[in-house]
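Residue numbers (this note's numbering), protein chains in the order written: chain A, 1 to 344; chain B, 345 to 688; chain C, 689 to 1032; chain D, 1033 to 1376.
In case anyone wonders, no lab produced these hints; they're calculated from the structure. Don't be surprised by glycine CBs; every beta carbon is placed ideally from N, CA and C. Take these hints with a grain of salt, some might be off.
[Claimed, not checked] No farther apart than 30 Å at their CA atoms in a straight line, the calculated lysine-lysine pairs in the BS3-like style are these:
id, chain 1, residue 1, chain 2, residue 2
1, C, K909, B, K565
2, D, K1253, A, K163
3, C, K909, B, K507
4, A, K221, A, K163
5, C, K851, C, K909
6, D, K1195, A, K221
7, D, K1253, A, K221
8, B, K565, C, K851
9, B, K565, B, K507
10, D, K1253, D, K1195
[Stated by the list, open to error] A partial selection of chain C residues facing chain A, derived with a Cβ cut-off under 10 Å:
id, residue
11, L793
12, Y997
13, R1001
14, D1005
15, D1021
Number of protein chains: 4
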Amino acid sequence: MFFASDNTSGAPPEVMQALLRANEGFARSYGGDDIMARVTTQVRTLFDAPDAQVHLVATGTAANALALAALTDPWGAVFCHRHAHIAEDECGAPEFYTNGAKLVLIDGAHGRITPAALTEALATTGASGVHGVQRGCLSLTNVTEAGTVYTPAEIAALTGIAKSHGLPCHLDGARFANALVATGATPAELTWRAGIDVLSFGGTKNGLLGVEAVVLFDPAKSWELELRRKRGGHLFSKHRYLSAQMEAYLQDGLWMRLAALANAMGQRLAQGIAGLNHAALTHPSQANMIFANWEPGGHARLQAAGAVYYDLRPLPDGRETARMVASWNTTEDHVDRFLAALKS
Amino acid sequence: MFFASDNTSGAPPEVMQALLRANEGFARSYGGDDIMARVTTQVRTLFDAPDAQVHLVATGTAANALALAALTDPWGAVFCHRHAHIAEDECGAPEFYTNGAKLVLIDGAHGRITPAALTEALATTGASGVHGVQRGCLSLTNVTEAGTVYTPAEIAALTGIAKSHGLPCHLDGARFANALVATGATPAELTWRAGIDVLSFGGTKNGLLGVEAVVLFDPAKSWELELRRKRGGHLFSKHRYLSAQMEAYLQDGLWMRLAALANAMGQRLAQGIAGLNHAALTHPSQANMIFANWEPGGHARLQAAGAVYYDLRPLPDGRETARMVASWNTTEDHVDRFLAALKS
Amino acid sequence: MFFASDNTSGAPPEVMQALLRANEGFARSYGGDDIMARVTTQVRTLFDAPDAQVHLVATGTAANALALAALTDPWGAVFCHRHAHIAEDECGAPEFYTNGAKLVLIDGAHGRITPAALTEALATTGASGVHGVQRGCLSLTNVTEAGTVYTPAEIAALTGIAKSHGLPCHLDGARFANALVATGATPAELTWRAGIDVLSFGGTKNGLLGVEAVVLFDPAKSWELELRRKRGGHLFSKHRYLSAQMEAYLQDGLWMRLAALANAMGQRLAQGIAGLNHAALTHPSQANMIFANWEPGGHARLQAAGAVYYDLRPLPDGRETARMVASWNTTEDHVDRFLAALKS
Amino acid sequence: MFFASDNTSGAPPEVMQALLRANEGFARSYGGDDIMARVTTQVRTLFDAPDAQVHLVATGTAANALALAALTDPWGAVFCHRHAHIAEDECGAPEFYTNGAKLVLIDGAHGRITPAALTEALATTGASGVHGVQRGCLSLTNVTEAGTVYTPAEIAALTGIAKSHGLPCHLDGARFANALVATGATPAELTWRAGIDVLSFGGTKNGLLGVEAVVLFDPAKSWELELRRKRGGHLFSKHRYLSAQMEAYLQDGLWMRLAALANAMGQRLAQGIAGLNHAALTHPSQANMIFANWEPGGHARLQAAGAVYYDLRPLPDGRETARMVASWNTTEDHVDRFLAALKS
């Protein structure tokens, strides 16, 4: 019953076998390996984006921070949700990599930014000439930090507002595959066709050991990103091991199968919780991340039963709250035992 | 005949098997995995340093830059050799991570800093009060970028000078195991007993997929380093895969066996070159990295024979120059064919 | 009728004469001038703080950014009001000087932070271990950006909360003299006796050409501040001209007389507006900065009459809003003509 | 006998009177003052550069650091002389403002870079792809830190080499007026016609209280520089006092008259020293800064006579060395008494 995070699960056999294969012989270092050339082709094909540039790194924080640094001047503002990973969970990496840009935090229910809230934020930031920071970029997250998703149309509405101010748009896709499964959209529909310029394309939470791709749909910033990656210490000498993971991930739809498994278990858990009298979902559940609250006592029963998850701050009325994340190797048995423990 | 770099070779079976074992089941993320606890114990034992703190990252640039940032203020000077990796091969990562510290480059034959040169550099930097940068730290490299090594006594002489000015000392040990093999010293003798405060302890060039340890012999800066690692995007969520590599590396002396293999092949190559009439070693060869020069025509013969290595700038007199690096899986056959091609 | 800002007015004769006197002969540069030694004594005496260290700069942004950088790590959070000058009016200078610290914006009526709001901000920032930024420092502003003031007891309540988390406290005193006049407190009462560790002690808005002092009540960070000042380009070679302004400012109570003049005119304006039927004060007016709103048409009448001030965003109900600032050389005639134009 | 630096002397009456005039009444802040508009016109006319953009700051370090930041990426190299002010005397301000660019130090006799040395530096920096820093810009100094000057042709030779690599060129003109006097060139000839893109145009050392202009001959970076100036805390609210100094400085050739006075006294001193048996010039003396060396005992005699100057590191053979700087208000009597004391 391990629901702490999708980053506590391992990698599927296909990925491990790819690593073993990649280990044979000598290979050119620093991204010059043959596998990487194939990965670039895979990504371009999957996203229907023949000019896209792909840069692999090992952590989501690196992918996000490098992407934002390529899009934002040091005196720029990054518009994002108040609870975005870049705002709360990266120890200021975006500020570090951008050399001091400012994150403008936008409130919004269930982890989502509304067009009205974005419009208001843009009206009050960057309107004081040289005295305030300038408008820099928009950063969205899909799946959001609340487990909800944006549809292509919702993303396009937000990026349209940003672009009316000339701002480029970044998508934190740490759980991008889960968002695709949840929305039924294609990779292109959920990114560049909806106005996204740079994607942090997650692999780690969905079954890799540690690989994320920064995908630049406009290749103009590719060399700058290359330099920032090196300067950040994120260019791997034995790069083939990153390439191999990503190649296996994208081969024959593995990545989408893994996300479908995770989402299915997430939805099973969500529906189970929604069906309990004393428990409720905190946010609408659309993918593999479930936020719930329940009457006091739930934590004690669950922990006694061996469930592992995040217990969050209680509600003002005393109800307990929690975050559970399903991953590709979560089983129905895990879910059902969790529900049984919560119910009893 | 792949002598381009030790980072073009793969990992030995012990490491790959460790990865497969680590892949089983769920594990706590972000360094909370059980394997990491064992790695810390291993390092402390090997270095006879019960208080040492160990932080794993995936690249040598990250290890160096984080270490230097923990030791140096933004207005500090890092004293290092003119051709140090931190000076020439990291695209300014030390400047980025230190928020703008200045590398003071010290000339020295064969990649080594002499006490006299260090003394002179310290006399002319940090002596102008608030107007110039302040003295920050000393950074040495062992094996040096010229393939030579420092003995414990040589390191102690340099760190002693630095410490007389109150400076902490960093060792870039990307090829630390090769230096141990070459000098016959123990890990403690070549580090903290010789005045080193922080070690970049390399694994990647010596057989890992991508793991380096920042070893703090004084644990006082450990939490700061933890924050800098996270903020730099270098804290792995699925950290167990880093831990597993390092555990296997240090288990039963694997790391020293790998380095011994690399050094032996390096020395075989060096002796072979030294025995040729028209070729010579550019730097004394003490480990696995060989610098040589020869009469024009050598490159053409070697490349025709399929040898891969770095050809460097020719000497003023027209002699060709080159760098060859042996790794743990370089074979005698590789070496001998290289020599044959160079000779003929 | 110039109410745009107190920085649009000039300097009183005492200050200009001091500049002329300071111009005689040669003087040691970079803060070694004799006048600066006297200024330090003046400040220590006025603040009853014999160990305080005083560093002069020429702009308030420099004073604030340097002070915050001395108090906050790059991975730290600066807790401040949403509309603080450091948040809205310095183009990210705090982020630049701190190397990327994060400003945590606290809402609060009339420019003031309440103890409850600070407590809540501290509960939600710095509580996630290595993943989020750490708690760095508290920064208050007095006179606030809304023209209100904090009493010594109000400041002490806030700094007490901050210090219970180990945080140092900064006060942006760009209008510190105006706050003293408004509260009747002594300099010590409004700063270190209320828990303030570092003060940005403004002079420019209150009659100097361009001088602010960073006052460190704890001298431990003085050398660091000195280095940061130089590195930021804020150490004047001909420093005597800064010293001379500050000496004249503090001599014989000039600074308090200037602030009393400004506050008196501010209060005259505020009372006049409060007495009008169609106009109202937006924030309680306690010093020399007045925020007001009125029925549509006010802007047109005022501007026709030649009044200069900031017109702000209208209220949702259409009422016009404005900021007026009185300075030491605002006259009763200016105020009365403004009120007449607004009324008619 | 005050020869410590030209920054220890005061301002001429014309400048002080301009300050008094500027102090009248209210003025728009932050560079919107009427005087600044006139200053821009003055500079454009003097430099025959109708598109030039002019930004005033108060220190030379600020001018240089802002200029370099506008020209150089964080991963760029600034090519400069080993003893340039930006390298030795700004406590790392260029590294701070550029967010970590690297200064590549070029040796050269008498403070000057030769075309051969620049060519070599360009060949060895920026040639290793993503691994090393990239070539960023060239920064020259005129008058150099050794008191010598570059002619327009010498500058053009160096900028030509830089531009053949696509690099923009900066001139640190802290003593620009002295260089004009020494070379007889026009402002245009010594800057943009010789390939200079950005000039730090000094006023402080030549008679102002504290004003330097960043002159952008290509206005494309003007808004960026404006933002950097604000973010660095270098945008003055009461900007009129900077404008007034600069206007007076450029009015009726005051600046050139001041520099001519300083140079004349510098040359009188240099010729006097050159005529002594036991003393010699260390560098050819061309403007107002004199480097000399003499037999032991000179310091003692000079200091006994009350001379103030910099005594530098003795030569290996024991000869004493010194730097003397003449300023606009140095008198013949000062010079002659200095020479008498040195001689006796």
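Each hint tested on the structure:
Proposed proximity of K909(C) and K565(B) is supported: the alpha carbons are some 19 Å apart, at most 30 Å. In summary, the hint linking K1253(D) to K163(A) is supported, as the alpha carbons are separated by about 23 Å, within the 30 Å threshold. Of the pairs offered as hints, the one joining K909(C) and K507(B) holds, with about 23 Å between alpha carbons and a cut-off of 30 Å not exceeded. For the hint linking K221(A) to K163(A), the alpha-carbon distance of about 18 Å falls within 30 Å, and the restraint holds.
The suggested pairing of K851(C) with K909(C) holds, with an alpha-carbon distance near 18 Å, which does not exceed 30 Å. For the proposed pair K1195(D) and K221(A), the alpha carbon gap of about 23 Å is at most 30 Å, so the pair holds. The hinted pair formed by K1253(D) and K221(A) meets the criterion: a straight-line CA distance of about 19 Å does not exceed 30 Å. With a C-alpha separation of about 23 Å, the suggested pairing of K565(B) with K851(C) holds against the 30 Å cut-off.
Taking the CA atoms of K565(B) and K507(B), the gap is near 18 Å; set against the 30 Å cutoff, the hint holds. Distance restraint check for K1253(D) and K1195(D): the Cα-Cα separation of roughly 18 Å lies within the 30 Å cut-off, and the hinted pair is therefore satisfied. Of the supplied interface hints, the one on L793(C) holds, with its beta-carbon coming within about 8 Å of a beta-carbon of chain A, less than 10 Å. For Y997(C), the shortest C-beta to C-beta distance to chain A is roughly 16 Å, which exceeds 10 Å, and the interface hint is violated.
A least Cβ separation of about 8 Å between R1001(C) and chain A falls short of the 10 Å threshold, and the interface hint therefore holds. The beta carbon of D1005(C) comes no nearer than 17 Å to any beta carbon in chain A, farther than 10 Å, and the hint placing it at the interface is violated. With 10 Å as the threshold, the beta carbon of D1021(C) stays out of range of chain A, its nearest partner Cβ sitting at about 31 Å, so the hint is violated.
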